[in-house]
Amino acid sequence: MPVLNGKELRIVGFLCNWCSYGGADTAGTARAGQPTDLRIIRVPCSGRIDPLFIVKALLNGADGVLVSGCHPRDCHYAAGNFYARRRLEVLKQFLPVLGIDDRRFEYTWVSASEGQRWQHVVQTFTKRIHDLGPAPKLEDPEPLLKVVDMALTSLRPLGTGQKNKLDELKAAIKAKLPELEVVIGWQQGYDAARTVPLFMRTPEDVDKLVWGPFNVNNPAVYLPQYKGKKVGIVVKGCDAKSVVELLQENLINREDVTIFAMPCEGTLDMARVNQELGRYTTIDKVEYDEVGVTITADGKEHRFCMNDFAQGKCYGCTMPTAVLSDTLIGTPTEVKPGPYTPPELALLDSMSLDERLAFWRGQMERCIRCYACRNACPMCVCRDYCIAESREPHWISQEDSTRDKLFFQTIHAMHLAGRCTGCGECQRACPVGIPILALRQQIARAVGQLFDGYKSGVDPEAVPPLLGYEVEEKNIHEREWK
Amino acid sequence: MSITRFVKPEGLPAFLAHLSKDARVLAPVVKPADKRSVVFEPWKEGKEFTLEKATVPAKAAVLPQCETLVSYRKVKDKANPQNVTLELDDTPQAETTVVFAARPCDARGYVTLDRPYLKGPIADPYYKARREKLTVITLTCNSGCNTCFCHWVGGGPSSPEGSDILMTELSDGYILQGITPKGDALLEGSGLDDGADRFKEMEDVRKAAWATLVKAPNLKDAPAKVAAKFTDVDFWTRETDRCLSCGACTYFCPTCYCFNITDEGEATSEKGGRRLRTWDNCMSPLFTREASGHNTRMEKALRMRNRVSHKFSTYPENWGTFSCNGCGRCISNCPVSLDIRQIVLDAINADKAAK
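Chains A and B, in that order, give the protein sequences. Going letter by letter, the first sequence gives residues 1 to 482 in my numbering. Going letter by letter, the second sequence gives residues 483 to 837 in my numbering.
Since the hints were made in silico from the structure, they are not lab data. Bear in mind that the values here come from a model prediction, so they are computed numbers and not experimental data. Do not rely on the hints blindly, as some may be mistaken.
Partial list, derived from the structure: chain A residues whose beta carbon lies under 10 Å from chain B [what the hints assert, rightly or not]:
#1 146
#2 275
#3 312
#4 315
#5 316
#6 387
#7 394
#8 395
#9 432
#10 474
Here are the simulated SDA-like pairs of lysine to any residue, each with C-alpha atoms no more than 25 Å apart in a straight line [as the list claims (entries may be wrong)]:
#11 A:227 - A:285
#12 A:230 - A:175
#13 A:285 - B:745
#14 A:163 - A:336
#15 B:753 - A:390
#16 A:300 - B:667
Footprint (simulated), chain B over chain A, 3 or more residues, beta carbon under 8 Å [unchecked claim]:
#17 281-294
#18 350-357
#19 360-372
#20 452-462
Quick reminder that beta carbons are idealized off the backbone N, C-alpha and C, glycines included.
Kindly generate the complete structure, drawing on both the sequences and the hints.
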């Protein structure tokens, strides 16, 4: 019966060659009756399955995706399914944030001799998908435009950091400068109400260094390109996490990087600052006090209290001071971790699955694929070799469909699983303000829950969870097939 | 004197409704978000719109982000299945379009695009079809802004170049002034009140807008000076230290017109395929990657050099004018606020600094 004639749904199965494909074969030879909705794609190992295969299938019209491999400890290649198990479980917890019901995706283990078990798996899964019905399509719902609630309470008092000893920092950098090719920090941008990354090569450059709530850029994004060269970097707490994550992944060498740090008191959400400032010609002055900034533009005063205008990440920040540094000017601020859900994620949490799909449709429509999100990401180290633009393999077409755009965001998020430190540069860089950080935040939350509160970018010695496995996973349990 | 009409703010939706009777009207729409943005979208009755300067220019009206150049598929003759023919469709996708409330910099963008697309040895039929069906209604700016520099590059807050109608905000409404015969005809058929008595006020408002601008430097030497810097790779490396090599500057530019052509789908099946033309940008590694795999521009400095040189030196060499209209979107949308104004000024002043 043709797929589109109603009764059948479209289910894609990715089966490992050595076990589950054999299992399906056994079921077939034993004449074990099975529903025919499943279309099987044979792969060498469940470890070969890129979670993106599954997302791509689901975004492009599959009603369900089933992955099946060898039982753990029974992998033909020793450990393929151990890695797969972690990836697939993270994916399963990620799907709902896109508005895709996670019951539409399942993974299981079936050996070549388990024909009966295979029959049971296919019957159960197909029934589940039929109960759920055809999958809603991204293009179907009316676009939903909801705005993140930024009225947040900070875990610590936010400030402008003007009491920090910037002169001491400059002196420390100048002392170290002769050994270093460049030191990356911040300087004033095209007006006094913004800063831009600064590349210090001479003592005169160091004099341009600024410290304060406008230092929004994450300078760690530039580090990998200097691998093998001696460089310095000035960091806020969140930037340091990116540096540590790069070290964890050997993308930079510890002995090459000199880290200068000062305690951060928070940075401004420039999106809201710019909106409040509106259209102006010139900034007359910028005045700092302990709790905020007063910007005078075209003769009009605007007050920005840090508690009201900080970046979302600053409210929940528990590491305002670099977790790793060579020169620390000032005393690290202690922050007690408290309950905090990032505002973007909180918004998605408050929606139903259908609303989320409508939300992403409404948001991604205006994406123009400039890839500022990708290039501003310190963890996006493929740079010129990103699969988003590759023709071989052909992951994404050049079309400007909402589906392709959302799929790219999924690629970015999945590639950041267990690596994203939540610096938020992707979202800050987005010129059209798409709250894409929510996708990364959901992955980070899933990783934390699955791997004992793991946080990326905290311990330079830690192995990122998706680069390793445990034979017995503490928090990943195969679902029963009853 | 040109034809003028006056409309009160509450009369604008009716005016848009009138326009949308026989055209697709692209109007700026607010996209609410923590970082709100303004994009051009097809307007329909009842839809809210804004008159703010859009985050994304209305370049897509003539040069869509993605368009199908040719669609093709194999067709089998049912009676004689061995007879297979190829069906091709290369009709340009062009709708009669009115861009409403563009800014003068956006409107000048169309003129900048016209030169390579229409005035070269071969006119691009796809572009031409859309351009001929385009009417541009431009809202003049009442003040300068921190990233705008239209007056540096030959434009201004009320520059009429590229517009069919110029619209100016007065104290209690908007005056619309026909610039081209197309614009005049549109106004005559619009049913709006005559605006001749407000002409003087309009001129005053436009003059006042000029007065808000910060004094512009002289860019007369820019083409020669930027060209002279072409081989100074150190200069470009320094200027682009903080560049992330993303495509924001080019994709938000009303005058960047480079494109990529790719085939999607199955060429040799009955399902068929499509040849797509999509925006491309010189910041992308694929822009210069050759079939051999060799890439002539591996450094971001060389990519940015191309962008700046094109706008301020090679385009002027070919067409006698800058291909930058000073809309400032590349500055305001850049994740690291890279400032093209500064690069050009640095190139101009480079030899002064050396002396």
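Practice prompt. Sort out which numbered hints this structure fails and list those numbers smallest first.
Written response: Numbers 4, 5, 6, 8, 10, 11, 13, 16, 18, 20 - these are the hints that the structure violates, sorted from lowest upward.
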